[in-house]
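Chain A is already provided as a structure; the job is to place chain B with the ligand on it using the hints.
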Amino acid sequence: MYQYDDHDRRIIIERAQQFRGQVARRLSGEITEEEFKPLRLQNGLYMQLHAYMLRVAIPYGLLSSTQVRRLADIARKYDRGYAHLTTRQNIQYNWPKLGDVPSILDDLADVEMHAVQTSGNCVRNITSDPFAGIAPDELEDPRPYCEIMRQWSTFHPEFANLPRKFKIAVTGTPGEDRAAVRFHDIGIRIVENAAKERGFEVLVGGGMGRTPHIGAVIREFLPKRHLLSYMESILRVYNLHGRRDNKFKARIKILVVALGVEEFRRRVEEDWEATKTPELELPDAEVARVTKFFAPPAYEKLPASADQLTALSLGRDRELGNWIKNNVVGHKVPGYSAVVISVKMPGVPPGDVSDTQLDAIAGVADRYSFGHVVVTHTQNLVLPDVKTSDLAKLHAELVELDLGKANVGKLTDVITCPGLDYCDLANARSIPLSLEIAERFDRIDYLNDVGDVSIKISGCINACGHHHVGNIGILGIDKRGEEFYQLMLGGSPGNDASIGKILGAALPQDAIVDAVEKVLDRYLVVRESADERFLDTVRRVGFEPFRQAVYGDALFGAAAEKGAE
Amino acid sequence: MQIIRKREITEDDFVHVPDGAPLPEGGKPIVTLARYTAERDALLARYSALGVRVPPDKLPSDIPDLARLALVALEFPKFTEGRPYSIARQLRDRHGFEGELRAVGWVLRDQLRYMERCGFDAFELKPGKPLESALEAFGELQLTYQAAADDPRPIYRRR
Ligand code: SF4
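In order, the protein sequences belong to chains A and B. Residue numbers are given in our numbering: position 302 of the first sequence equals residue 302, and the series is strictly consecutive. Residue numbers are given in our numbering: position 135 of the second sequence equals residue 135, and the series is strictly consecutive.
By construction, these hints were calculated from the structure, which means they are not laboratory data. Note that the Cβ used here is the ideal one computed from N, Cα and C, for glycine as well. A hint or two may mislead.
In silico DMTMM-like cross-links for lysine to aspartate or glutamate, where the CA-CA straight-line distance does not exceed 20 angstroms [claimed, not checked]:
1) B:Lys78 x A:Asp245
2) A:Lys325 x A:Asp445
3) B:Lys78 x A:Glu33
So the derived list for chain A, only partly shown, Cβ under 7 angstroms to chain B, looks like this [to be verified]:
4) Gln3
5) His7
6) Arg10
7) Ile11
8) Gln18
9) Gln151
10) Pro157
11) Leu162
12) Arg236
13) Leu240
14) Pro278
15) Leu280
16) Glu286
17) Val287
18) Thr291
19) Glu482
Chain A on its own, in the form it takes in the complex (with noise of 0.2 angstroms):
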């Protein structure tokens, strides 16, 4: 993975030095709480409903074991136990206290990581597929853009007051969007033009939200090297031209929409052809060194995985069995896997782990996976590098550490944003039903049965529970000062994006599970068969047959008609 060179290490220390003087102002009264507010977020610190949050960055997801030590030594010290995994491959610890913020980022140098830029009207963090370097279908790593990226975007100093914030998202899998760019402001896929050239596709104006929209493609192809020069004149036409009256008006998706997207291009052409100088070129040296950390690492020579793999998943272990189906990905390289890491268990907020649990998830990754963890936008861990001979005695050890679920992609393995627990922008508690959900379908048969299907919930409009891309996304709205929830169907992350619609009239907050369980029973029986996956079925028979199993016999019941529109 990518390593500080002194320049990089001088500059996050230099912030985090610049950080606690701009604290002590804030405490001596000099600054203003809303001066203080912009300098906060830009170092990632929220303040939630009962206290301040710390969002530390992981750029891309990438993690080496020695940096999750340290986020379980900050959770020990400056937190309550825990740290909580985000819908953008970050991690965010709930308890900090101000004082202690700056000591926290002091730790977090010391292992080069830190809380810049994970909120505020800036770029933020730059995403990418939790299994970028290790996919079979991948043409090229996109990780190296993504920390090229990261660079230019670090304290730009011409885009830290954009009119809101800003997310990139770069996938090198042309043929499988794990990374959701068309739902980024600028979502990048790595492509191969008629000549055999690597280059970018370019979407602009994605993204979820109150108005929901899929990325249109401003640059079917640009050569690699005016990677830079390009997002700058993206920036700058949204930062001069993006609407600053209404904060709910002011992501890009907004204006790209408002210009219309040819508009926008013209735009953003206009301002390249003026500014791309050649010193803003990407040169192949810097490409080529910035590459060579993201080298594979040492690899046995072992015999392909497949044969194994079929073995350990009809095997008398049933357990182990389901988890080899459920949550072992393939490797391009033979012998080897990736395992998700389900941190989505009853009893425990999807995304949450514990110090003890993060300092065993070190260890394993020092023993079966060169160090390595890949955090995951549907707030689960990736193990990347795991021998396939070694999955059995990986996943007893998982089991014995209570991280041996083997729902991944599956119904339990549901995305919440945190909702009214901590959130004084929520509408609706958002924790809570996943924690019903985790708790009424933990059945494994019925799992398997259901198959893939993903459930998203956000506890307002806001969307940071992504539910708009849920292939059933729960969204909690506020209905005369009681938590109502609308259902939705058919939405989609991936190369195949697309947006969810409402079912029908909200449910107060004890119908909403017994509404998922009606939609799920009514798939498993409308289904052509075991093969049809939940989200191709609605789009193949409409969402009728589903209103009349939730809507249908409660039509005259009280629960519909409180919540009727």
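Below, chain B with the ligand alone, put in the same frame as chain A:
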């Protein structure tokens, strides 16, 4: 009034002239872009050093005869205002403006370093904010990654 110019505290030799107020006999006035647009020839003829104050919704192309101005003051109605950073870069990089580029309005110490990197060289801090300690901001975050108005070379041409 004192301002920061080229990283030093100095007495301001320009005066802001609000719209409608009488113009000074001599000296160095800063007029609004609206007034400048309306009375440009007379103003340029009358003063050897003229400044223009530009609100954040205007672009460099809205400022005629840029090369004849001694100063452009870009307004920050709010400290979170971000457009003047891009306008400053355009003025310096695309339009080759070499006069004083001044940040005025709700200007705070923690923005100075970013502003300077975008091409600002003079700063009127928000009234009541200490100037002396604000100078320390220029010593923060000395190392940078990007090309900007202060250096056209990104880090990969300097490492
Ligand atoms: S979706 Fe709403 S409730 Fe949930 S974290 Fe985001 S802002 Fe808070």
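Structure-based check of all given hints:
The hinted pair formed by Lys78 (chain B) and Asp245 (chain A) meets the criterion: a straight-line CA distance of about 12 angstroms does not exceed 20 angstroms. For the suggested pair Lys325 (chain A) and Asp445 (chain A), the alpha carbons sit about 13 angstroms apart, so the restraint of at most 20 angstroms is met. For a cut-off of 20 angstroms, the pair hint linking Lys78 (chain B) to Glu33 (chain A) stands: about 14 angstroms separates their Cα positions. Hint status for Gln3 (chain A): violated, given a least beta-carbon distance of 13 angstroms to chain B, over 7 angstroms.
Nearest Cβ of chain B to the Cβ of His7 (chain A): about 6 angstroms, under the 7 angstroms cut. The hint holds. Evaluation of the Arg10 (chain A) hint against chain B yields a held restraint, the C-beta minimum of about 5 angstroms falling below 7 angstroms. The beta carbon of Ile11 (chain A) comes within 5 angstroms of a beta carbon in chain B, closer than 7 angstroms, and the hint placing it at the interface holds. Because the closest C-beta pair between Gln18 (chain A) and chain B is about 5 angstroms apart, less than 7 angstroms, the hint holds.
The closest approach between the C-beta of Gln151 (chain A) and any C-beta of chain B is roughly 5 angstroms, which is under the 7 angstroms cut-off, so the hint is satisfied. The interface hint given for Pro157 (chain A) is met, as the beta carbon of that residue sits about 4 angstroms from the closest beta carbon of chain B, less than 7 angstroms. The beta carbon of Leu162 (chain A) is positioned within 7 angstroms of a beta carbon in chain B (closest approach about 6 angstroms), and the interface hint is therefore held. Contact between Arg236 (chain A) and chain B, as hinted, is supported at the beta carbon level, the nearest pair being about 5 angstroms apart and thus within 7 angstroms.
The beta carbon of Leu240 (chain A) is positioned within 7 angstroms of a beta carbon in chain B (closest approach about 5 angstroms), and the interface hint is therefore held. Taking 7 angstroms as the C-beta cut-off, the interface hint given for Pro278 (chain A) is violated, the closest approach to chain B being about 9 angstroms. A hinted interface residue such as Leu280 (chain A) counts as satisfied when its beta carbon comes closer than 7 angstroms to some beta carbon of chain B; here the least separation is about 6 angstroms, so the hint holds. The interface hint given for Glu286 (chain A) is met, as the beta carbon of that residue sits about 4 angstroms from the closest beta carbon of chain B, less than 7 angstroms.
Hint on Val287 (chain A) is violated. Least Cβ distance to chain B is approximately 9 angstroms, over the 7 angstroms limit. With 7 angstroms as the threshold, the beta carbon of Thr291 (chain A) stays out of range of chain B, its nearest partner Cβ sitting at about 13 angstroms, so the hint is violated. Hint status for Glu482 (chain A) relative to chain B: violated, with the closest Cβ pair at about 35 angstroms, above 7 angstroms.
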